[in-house]
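2 protein chains.
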Amino acid sequence: MDKFRRNERISAMMKILSDSPNQLFTLSSFCDRFQTAKSTMSEDIDILRSVVETFGLGEIHTVTGAAGGVMYRATINRDQAARYIGNLAASLSGTDRILPGGFLYLSDILSHPEITRWMGQIIATEYYSVRPDFVLTMETKGIPVALTTAGALGVPLVIARHSSKVYEGSAVNINYVSGSSGSIQTMSLSRRAVQEGQSCLVVDDFLKGGGTAKGMEDLMREFNVNVVGKAFVMETKSPSHKRISDYKSLMVLDINHSDSDADSATVTPSAWLHS
Amino acid sequence: MDKFRRNERISAMMKILSDSPNQLFTLSSFCDRFQTAKSTMSEDIDILRSVVETFGLGEIHTVTGAAGGVMYRATINRDQAARYIGNLAASLSGTDRILPGGFLYLSDILSHPEITRWMGQIIATEYYSVRPDFVLTMETKGIPVALTTAGALGVPLVIARHSSKVYEGSAVNINYVSGSSGSIQTMSLSRRAVQEGQSCLVVDDFLKGGGTAKGMEDLMREFNVNVVGKAFVMETKSPSHKRISDYKSLMVLDINHSDSDADSATVTPSAWLHS
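In the order they appear, the protein sequences are chains A and B. The opening residue of the first sequence carries number 66 in my numbering; numbering runs sequentially from there. The opening residue of the second sequence carries number 66 in my numbering; numbering runs sequentially from there.
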């Protein structure tokens, strides 16, 4: 007789798998843990797969063969993503969040654990197939969403800095042109942070001219790392020409300047979410 | 007849509850979602409670009465915490991570999704009972662990900056004395970020002299916010006198300087983990 009941095994497996997304667990590790036979475990996994499908809670993948096992992916389907980002974009539109100078206040959104978890999972869903070895962001505001993206992909997060720090050790520094202001800035990354030949997903909070994103691409070239994707929480409608291509954003920001009334923001979900 | 089987309901509930730690879900929301009776749902929750206890996966709390419901807490028990931090501390000790100037390389640890999730849950476990309204950190290196702590507590993360930024709006700036270097630094927080009368948990990566932590306390006083706890990933053994009291760290760092050999680091789990 099995030591644990099926509903005990399945709910515990759900938690263990979803705590470590995109990580392969061998069937035997679960058989040992729950003291049950492989055939029973396979049935458990089939049920788990159907549960996550039914309730829209991600995906269960099984890999057959000697190196096989089971893994969870924190995918968000296109409908869920479009609905979530649609609601978020609507809540950011209007005049409430406009700051002097025509900036949009986003700090609360960009550091909110649940909102950044959603955004990270939506981004990760698009990039599971290109298998990045790590996520790269540039300090500071993109760090939370870059962390949740890395978490969903099951890979480390690497953070580039504005200047080299003593506690980062020897570093590679590059200069880049800030796309919006045209000023020269520095970007620094510890030599220990990444290895040659790896591939990386760039994640950042904001894309305006694309100078910082271009700088991250240049930085990765210095490390012989292949950039396999670029994702942003928010891009500005203007300028329409960015210094980078082949990227995805979640939302598009258009600030409507007015001489007579207060400035207002129109935030819309990016077009690909509705395709 | 119920629409879903018990093992389907329980595993889906496990995922939904653990995705939103410390958030109360009403019984009726689950009854509606799974189209089942309250009595059945209560049995499901009892099973879930025993599963998380058996496998050390956190805690299920039920609140009775009209405003009642069920919630998940991502607690890590003392044994698990001591073992995890013990292994982590051992992996950080030695000469490999020592940088020129006697600094310890921690950037990879401090931005690793799984390691920061553990550390955040261990910290949250200690502070569930004081019910902070938000977590406060000072940019940059503590942001990931502050985010995972906030996530486990189900509260927002607020990030203080070194200087006020145009995209943060009007801000409160304070000057503070860096505990280790004695230099004067600035700390800035958007007025929109917090509300008077709230309570906050301070989380940061490193505690040496305590100047930055003291600065965060002073900053919160400006906002009439009550600091209900202070937690750090790593504190240095020296100086033993810090500018703050009543804090918890996960690990203690002692750098052993040597004229003849390479410097080396001794990292140990903090004493309270073994109490």
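Read the hints as simulated data drawn from the structure, not as lab findings. Every residue, glycine too, gets a C-beta built ideally from N, C-alpha and C. Warning: the hint list may mix true and false statements.
[As the list claims (entries may be wrong)] Some chain B residues near chain A, calculated using beta-carbon distances under 7 Å:
{"hint": "1", "residue": "K68"}
{"hint": "2", "residue": "S76"}
{"hint": "3", "residue": "S94"}
{"hint": "4", "residue": "E124"}
{"hint": "5", "residue": "M136"}
{"hint": "6", "residue": "A215"}
{"hint": "7", "residue": "F288"}
{"hint": "8", "residue": "N289"}
[To be verified] With a straight-line cut-off of 27 Å between C-alpha atoms, the simulated DSS-like cross-links for lysine-lysine are:
{"hint": "9", "chain 1": "B", "residue 1": "K230", "chain 2": "A", "residue 2": "K273"}
{"hint": "10", "chain 1": "B", "residue 1": "K230", "chain 2": "A", "residue 2": "K279"}
{"hint": "11", "chain 1": "A", "residue 1": "K230", "chain 2": "B", "residue 2": "K103"}
{"hint": "12", "chain 1": "B", "residue 1": "K230", "chain 2": "A", "residue 2": "K302"}
{"hint": "13", "chain 1": "A", "residue 1": "K307", "chain 2": "B", "residue 2": "K230"}
{"hint": "14", "chain 1": "B", "residue 1": "K230", "chain 2": "A", "residue 2": "K313"}
{"hint": "15", "chain 1": "A", "residue 1": "K302", "chain 2": "B", "residue 2": "K313"}
{"hint": "16", "chain 1": "B", "residue 1": "K68", "chain 2": "A", "residue 2": "K230"}
{"hint": "17", "chain 1": "A", "residue 1": "K273", "chain 2": "A", "residue 2": "K302"}
For the hint on B:M136, just tell me whether its beta-carbon gets within less than 7 Å of chain A. violated, 14 Å
Would you check whether B:N289 satisfies its interface hint, that is, whether its CB is within less than 7 Å of any CB in chain A? violated, 19 Å
Proposed proximity, B:K103 with A:K230 (alpha carbon, max 27 Å): Roughly 57 Å between the alpha carbons, so the hint for A:K230 and B:K103 is violated.
Answer holds if the nearest beta-carbon of chain A is closer than 7 Å to that of B:S76; otherwise answer violated. holds, 4 Å
Keeping to a limit of 27 Å between CA atoms, is the pair of B:K230 and A:K313 held or broken? Given that 27 Å is the threshold and the Cα spacing comes to 26 Å, the pair holds.
Decide if the proposed pair is consistent with the structure: A:K307 and B:K230, CA atoms, cutoff 27 Å inclusive. holds, 23 Å
Check whether the Cα positions of B:K230 and A:K302 lie no farther apart than 27 Å. holds, 22 Å
Could you grab the alpha-carbon distance between B:K230 and A:K279 and see if it respects the 27 Å cut-off? holds, 22 Å
Let me know if the C-beta of B:E124 comes in closer than 7 Å to any C-beta of chain A, holds or violated. Nearest chain A Cβ about 12 Å off; hint violated.
Given the proposed pairing of B:K68 with A:K230, does the C-alpha separation stay at or below 27 Å? The hint is violated at about 58 Å.
Going by Cβ atoms only, is B:K68 closer than 7 Å to chain A? violated, 10 Å
Report holds or violated for the interface hint on B:S94, using the least CB-CB distance to chain A and a cut-off of 7 Å. With a minimum Cβ separation of about 13 Å from chain A (threshold 7 Å), the hint on B:S94 is violated.
The structure does not agree with the numbered hints 1, 3, 4, 5, 7, 8, 11, 15 and 16 stated previously, though it agrees with the rest.
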